[in-house]
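Colleague: Let's have the full structure, built from the sequences with the hints guiding it.
Okay, here's what each chain looks like letter by letter:
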Amino acid sequence: MSLVRTEALIMKGMDLGEADRIVTAFTRKKGKVRMVAGGVRRTRSSMAALVQPFTYSSLVIYSTSSLGRLRHGEIIESFAGLREDLVSMASASYLMELVDFLLGEEDSQEGVFTLLLNTLQLFKEVGPRVLAIRTFELRLMAILGYSPHLDSCVVCGADYENKAFFSSNQGGIICSNCSGGGKIPVSLGSVRLMNELLTKPLRKLLNIRLDGLMEEEMERIMTDYILYHTERELKSLSFLRSLKSFNP
Amino acid sequence: MRYFARPLSRLMSQLAKLPGIGPKTAQRLTFYIMGGSLESARELANAIIEAREKIRYCSVCCNYTEEDPCPICQAPERDRSLLCVVENPRDILAMEKTGEFKGIYHVLHGSISPIDGIGPDNLRIKELLERLKKDNFQEIIVATDPNVEGEATALYLARIIKPLGIRISRIAHGLPVGGDLEYADEVTLGKALQGRKEL
Ligand SMILES: [Zn+2]
Ligand SMILES: [Zn+2]
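Protein chains in written order, with the working numbering: chain B, 1 to 248; chain A, 1001 to 1199.
Among the hints, a few may not be true.
What the hints assert, rightly or not - With a Cα cut of at most 27 Å, we get these calculated DSS-like pairs of lysine-lysine:
#1 Lys1126/A with Lys244/B
#2 Lys1126/A with Lys1162/A
#3 Lys1162/A with Lys124/B
#4 Lys1197/A with Lys1102/A
Said to hold, decoys possible - Quick list of simulated restraints, FRET-style, between CB atoms:
#5 Glu77/B with Arg1042/A: 52 to 58 Å
#6 Ile1055/A with Met14/B: 25 to 31 Å
#7 Arg1167/A with Ile75/B: 29 to 35 Å
#8 Ser2/B with Gln1074/A: 58 to 64 Å
Please keep in mind that the hints were generated in silico from the structure rather than gathered at the bench. We put the beta carbon where it would ideally sit given N, CA and C, even for glycine.
Modeller: Okay, structure coming up:
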């Protein structure tokens, strides 16, 4: 049992009792942490804003072997704008659910914390761009050791030609000779772009023009690749998709 | 090793299923009930069964009610051109206590929370849209909780209701961010209602 002060990003919360909440945060020092935040559902609670999803803060947590307890904290960046726009809110929820799903509790991963923080910051500055979501997915998988093989055919090592496929099962690009069918077709442009998303600075990627075909290809590939690793569809995805197809 | 007789542990485990009640509280409640008369235990059990059997959803506003439509939907003095949308029946109680609102209600029974898999289809939004088509409303006031789920629900409602050409507003955030509406005091909530703004 000890007091820990750490930067944190709030992932989600769940009501507990009369006025408390169990809050899940991703912290810089201790990875994913679950804690009780006392009284935060009272409208006069001073800590209520602190535990709103996506809030970036410095928290003091009384940490125990099971459920910690939030003592106090200060907001560094509220990311309020992300909660005031539906697509931003749904996109940020998706990032949080992905991290929640793929990482266990107290698995300290500073790389994931930085990636999450930078992506939320980017959402705030330029909106929830599709490219930023794809970059987040690719880099998160890479940090966790599931980086897809994109340089050559993952089976025979042949250089990439015009026609190729992506196999989640094999973990990368497959040439047309090795492909047994049933894989996702992928164009040279998409493969190059995915390589860039993995390696170039996040901000430089914003100038890249994404055409509709590449956007579709990359979404299909990443959805399939992530589903292969999570083994079930993430809950926030259907809402995010419904917003895109929604035309008032 | 069994610490308690089977009927006692059965009662404890039933009570422990209720929100906000852990094993310790369940034990305390169980022994409180054992310490009382058989008559008061029966009274409690019957009250639970009667409420569960007799209460249903109002076919107009989706609030819990014994008679259908509910007393608020039937009251002749209520302003039928003003519709207040709330997350749950407890919020109606909170709104009524302000004495500020003379219109009628619609209960969504929840709020949008993508990460929990709760989307618009899980709420009484279809019923709301049917009401909007059938009846003539001057204004829809969205009084969802001032937290991320309540905000998302309000934004979603604005997105689907605005194209219908109906005025839609959201109660002002005179309330601190992140709380539950049902815990607001009447004065704060009354102020928030007066300061509502268009969405
Ligand atoms: Zn090959
Ligand atoms: Zn009613």
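Colleague: Please go over all the hints and tell whether each is borne out by the structure.
Modeller: Hints versus structure:
1. Lys1126/A with Lys244/B: holds, 20 Å
2. Lys1126/A with Lys1162/A: Cα-Cα ~15 Å, so holds.
3. Lys1162/A with Lys124/B: holds, 25 Å
4. Lys1197/A with Lys1102/A: holds, 18 Å
5. Glu77/B with Arg1042/A: 52 to 58 Å: holds, 56 Å
6. Ile1055/A with Met14/B: 25 to 31 Å: holds, 26 Å
7. Arg1167/A with Ile75/B: 29 to 35 Å: Distance hint for Arg1167/A, Ile75/B holds at roughly 34 Å.
8. Ser2/B with Gln1074/A: 58 to 64 Å: At 59 Å between Cβs, range holds.
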